[in-house]
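Number of protein chains: 6
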Amino acid sequence: MDISEFISLMEEIAPPELAEEFDEKRIGLIIEGKSDLQKIACALDATDYSVSEAADMGCDMLVVHHTPIWDALTRINGKTGSIIKRALNSGVNIYVMHTNFDHAKGGINDALSELLGLTNIDNMSLGVVGDCCLDLNEISERLNGSLRVYGNPGDINRLAVAGGSGFDLSLLNEACELGADAFLSSELKHNIMLKSPIPLIESTHYDLESPGMKALAGRMGWEFIEEKPDICIY
Amino acid sequence: MDISEFISLMEEIAPPELAEEFDEKRIGLIIEGKSDLQKIACALDATDYSVSEAADMGCDMLVVHHTPIWDALTRINGKTGSIIKRALNSGVNIYVMHTNFDHAKGGINDALSELLGLTNIDNMSLGVVGDCCLDLNEISERLNGSLRVYGNPGDINRLAVAGGSGFDLSLLNEACELGADAFLSSELKHNIMLKSPIPLIESTHYDLESPGMKALAGRMGWEFIEEKPDICIY
Amino acid sequence: MDISEFISLMEEIAPPELAEEFDEKRIGLIIEGKSDLQKIACALDATDYSVSEAADMGCDMLVVHHTPIWDALTRINGKTGSIIKRALNSGVNIYVMHTNFDHAKGGINDALSELLGLTNIDNMSLGVVGDCCLDLNEISERLNGSLRVYGNPGDINRLAVAGGSGFDLSLLNEACELGADAFLSSELKHNIMLKSPIPLIESTHYDLESPGMKALAGRMGWEFIEEKPDICIY
Amino acid sequence: MDISEFISLMEEIAPPELAEEFDEKRIGLIIEGKSDLQKIACALDATDYSVSEAADMGCDMLVVHHTPIWDALTRINGKTGSIIKRALNSGVNIYVMHTNFDHAKGGINDALSELLGLTNIDNMSLGVVGDCCLDLNEISERLNGSLRVYGNPGDINRLAVAGGSGFDLSLLNEACELGADAFLSSELKHNIMLKSPIPLIESTHYDLESPGMKALAGRMGWEFIEEKPDICIY
Amino acid sequence: MDISEFISLMEEIAPPELAEEFDEKRIGLIIEGKSDLQKIACALDATDYSVSEAADMGCDMLVVHHTPIWDALTRINGKTGSIIKRALNSGVNIYVMHTNFDHAKGGINDALSELLGLTNIDNMSLGVVGDCCLDLNEISERLNGSLRVYGNPGDINRLAVAGGSGFDLSLLNEACELGADAFLSSELKHNIMLKSPIPLIESTHYDLESPGMKALAGRMGWEFIEEKPDICIY
Amino acid sequence: MDISEFISLMEEIAPPELAEEFDEKRIGLIIEGKSDLQKIACALDATDYSVSEAADMGCDMLVVHHTPIWDALTRINGKTGSIIKRALNSGVNIYVMHTNFDHAKGGINDALSELLGLTNIDNMSLGVVGDCCLDLNEISERLNGSLRVYGNPGDINRLAVAGGSGFDLSLLNEACELGADAFLSSELKHNIMLKSPIPLIESTHYDLESPGMKALAGRMGWEFIEEKPDICIY
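As they're listed, the protein sequences go chains A, B, C, D, E and F. Count the first sequence with UniProt numbering and you get residues 1 to 234, in order. Count the second sequence with UniProt numbering and you get residues 1 to 234, in order. Count the third sequence with UniProt numbering and you get residues 1 to 234, in order. Count the fourth sequence with UniProt numbering and you get residues 1 to 234, in order. Count the fifth sequence with UniProt numbering and you get residues 1 to 234, in order. Count the sixth sequence with UniProt numbering and you get residues 1 to 234, in order.
I should point out that these hints are in silico values taken from the structure, not numbers from a laboratory. Ideal Cβ placement from N, Cα and C applies to all residues, glycine included. None of the hints are false.
20 angstroms max Cα-Cα, derived PhoX-like pairs, lysine-lysine:
1. D:Lys34 / E:Lys79
2. B:Lys228 / A:Lys195
3. B:Lys79 / A:Lys189
4. B:Lys79 / C:Lys34
5. B:Lys25 / C:Lys79
6. B:Lys195 / A:Lys228
7. F:Lys79 / A:Lys25
8. F:Lys189 / E:Lys228
9. A:Lys79 / B:Lys189
10. D:Lys79 / E:Lys25
11. B:Lys79 / C:Lys25
12. C:Lys79 / B:Lys34
13. F:Lys25 / A:Lys79
14. D:Lys79 / E:Lys34
15. C:Lys79 / D:Lys195
16. D:Lys195 / C:Lys228
17. F:Lys189 / E:Lys189
18. C:Lys189 / D:Lys228
19. F:Lys79 / E:Lys195
20. D:Lys189 / C:Lys228
21. F:Lys214 / F:Lys105
22. B:Lys189 / A:Lys189
23. A:Lys228 / A:Lys214
24. F:Lys79 / E:Lys189
Calculated from the model, a selection of chain B residues having no Cβ within reach of chain A, i.e. all distances over 12 angstroms:
25. Leu115
26. Leu178
27. Lys214
Let's have the full structure, built from the sequences with the hints guiding it.
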């Protein structure tokens, strides 16, 4: 497939105009490799590992959720330089869908909601709220990773979920108004925890966002490259 | 004790000039209650609970690490308004030591270092690095809370610790140069995890910072009010 | 009356959307006291005196024109802290209508215009211009306070009035184009005086704005608390 | 006298480095006229009147306290354009001493202090505090203009004075700490009045600042051009 | 003609709303001279020379493309002060049409396009692209000045032209997409040259912009004052 | 030579602390290639051509004056992406010395001054002024490129030179005060030309700056890669 045809396809899946303003120039084709695509890989992050894997599998395109170049560069060095070098040397393109894929139909949050079997869905400004029939052990099992739970959610009849860093006070209030008994997201800060109107369930970026990328890879027939952070609880 | 005498004492313990610039007007006597002090309490946070407890114990001063008024107010309402109201109605003063107590001798990081038995200490721009003879289970036990560990620290011979949100890339590099095998702090973000030069041990604000406040209360003969967040792992 | 019912009523009298942008988060219910209202007081300013008076009269709501918390606070102390404490301790709510009440129908400027008997009114971007049949002594008498007059207005056939700090060059020009012979407002600055196209009549905030608050109190059956600054001319 | 010789002389009288930062590029020779000076005039403001008077008297230099070009210009029109035109057409130079003359020895505040017979002087960050043996009527007489007095100063044993717009809260507190019973300045704002720790005496820029310019003219043998604003009290 | 009538006429020729935002307060009547106009002159720049020439010819209005007061002034001195003085002393008004005349129909770029005989015109966001049947020697001849050419344009079938400083990367790309073989403008920077997608022809502001002013003068029956910079090539 | 040894050497030649603030993170090793250096090349710019040439010559380091990544990047694409890719793919390091080499002893301006035989040198804040015994034809010959001259320099006894974009008004005044009869630099703007106190000689970045890089290459025994822009005068 030609790269321009691929880009058109991606812009239907995750329309760039759905992205938050801070994603400007940080989504889309952010590293240009070969222009004729034979095989496509998908991962949550563009790392040394995922780019190498993609190249080793003979892929010339790696679709990711998080750009490897968040802070704008005037020097190509260090860990980020190493990822860029690896991509350019092997001709692997890197294509980023970030907040546009969070908000997209069938995107990160929809996949998460489906994984947890939520029904009777309301959309929030980021993420969704839905009826839930799982308990915390079952949620942990479905997400395939441990949870840290703040407060006592008791029976969760209605759950808010937001892939990424969704523990924002205004979002917590929004969830509360939509009837949520608990809020599932990642990267909880201490001062937010103190002010939350409802119990909070903290997972990780990987466990909440990789399902969306994996589901996409499945639908499209792409290779999915797992790179689950090695997390242990003590 | 007169309030002004108390303030002088506190400014010796945690000199205001050690505070970071962002703490300007957010440390010191931030709620003025009674001016003659009979009894003093200490807690990590000024919350509805800790202010009520202080009042119930007959304390007229509550010393905390985190100000309840971080975002400047033009309205007295909601959760923050409720804390202010409770303090003013019971005449409880609130005194904040934040980054000045992080950096102070005998402050947050020194107490943490002592709790973990670190030796051969080097100061970082925030926190310390020291030789460590505990394993992860022992660290978890001493901190009295669970840890999330990223990467595989193996034997930890030298540990960096920073109470608060210390997972900053430049700080991680500083620790690495001082020989640290792992870095212990709280509020780890996904993109920092991907770029860290060493394994990371994530605890909570409470578990890392309350020891410093408790130690201070012990030394001074103040009441310490525990308010450990109710965290469960699933 | 329940507080939420009261707020709805106030938002009809002085719609928040009429407020200038700088009033954001500085109008409405800025101190939350009791939620069930028995008796309401009104004053120009929320001061130690007016809040105490309101409490002494058994009022649980004080409606004012100027917020006591203009500069956003991270500390509750000094004169402003004292007002907040007094309100919270007595359960008195404070509700602010500022530039929304300046612009509102029946608000500050309409009351002032009526007090001075202006007719044939044109609205300015702030304040009004109208035909006037009073001389300076009569204006002073109606406002119940002394005036400082710059330039020689001669016979005033058409007068511009703006409660508050209205001596803005663009407003003076606007008044001039609407046929005003003189401009009545408060807080005149030297450099504005030098550039004004018409004579200027300087009164005080209190004398120009309290009539609007008093008229409102009268219409609504509220207590009005006078607190005229003690001004003498030498 | 050559213009450069004159400038050297002026920079001794009111050293430019004493000026506040906001006066940058707004003091010194701000309109260049003839370079050989025969006769010098002095006034508080550069206005159509004072520039014309200076020209009519055969002066080629007008020394003033307030620049006529405060807001930077990209167009030469309106009232300011008219002053510039008048100066340029008659060859009259305009030289400005502003906050540098406020702070200078023998400047605005020293002249004011001397006019009021203050003794036992303390310098404030702007203005001075001194022992005073005048009552309000005598102060008004010496200043040759009416006063508006807020609060009740009673016997004034120690008076703070600041020519210009000195009613700044931090300055009022400074005066208070230096033992002042009252504060004399101009351009009082309503919200400052409400928060002042001491009674306030409001005069005008002209009455407080022209004595300093007049004294300078007297010492130097220059013409002084009076242009007292036409103020009446009703 | 009265000045206000003249201004209306000019605002039809070069509507102020066509100007770029950075021209705010820098176009229109920027120096007010006599209000009754007898004779009008036109030049590219308002300089000591062009203002004197205008005055000597008995003109009371000088229409120019570049304002003499680009950087806002708080002092009237130096070269700019000298131009202002000369204009005010002789009563010559100065009227500026800048980016509004660049974009206007019949303005700078249209005149340039006509001078070079371009056909089949497309408008760019600044300047135009058109079919061209001149070679570089002929272009140089028509512009009456030398050219510096970067890259090898070969046969120029389609030429982009932008009077003023048009060598902007986004404009070069726009021209390229409209089929231009080369881009003619002034003030080329080294780093733009390195990144240009097409060859660049560098002329001067004077040679590219004065034709538009001259054409206007011709149409209106005004005097045109030539002041071609004295440029030699070595 | 190891890369770190090379960097130490370069920091002696052009100390980073001499660089202007805007060069922060834009100088030094801006693209990391191989860490063991066999052969070094030098050019004015890092372009597709110069990087390829360096690689073809077997060089693994290219020292340049202008960084190819001026605007910070969040995407690796277009012309800049192509240069980065070429460097990374061939392992060529890119090292930038910019304003630090302008100001360094033996740097850009010293080389230029020597090429033109200037004597009796005064340093300016950027560039130098010196006695000159060349006429314009001879200067053009030495620089190996054409000049555009504004104004009539007549006999040039003392010449100011500044490699790069040196036509800054304050620099022109500085040169004038140091006795310069003319100022040689590149990228002259129309409005600067109108205000210059002395005649101006406009060359190009390449002709003024490449001599410094070439001289350095000569001294160090590096390959110098010429890439003179193809400029013709018509």
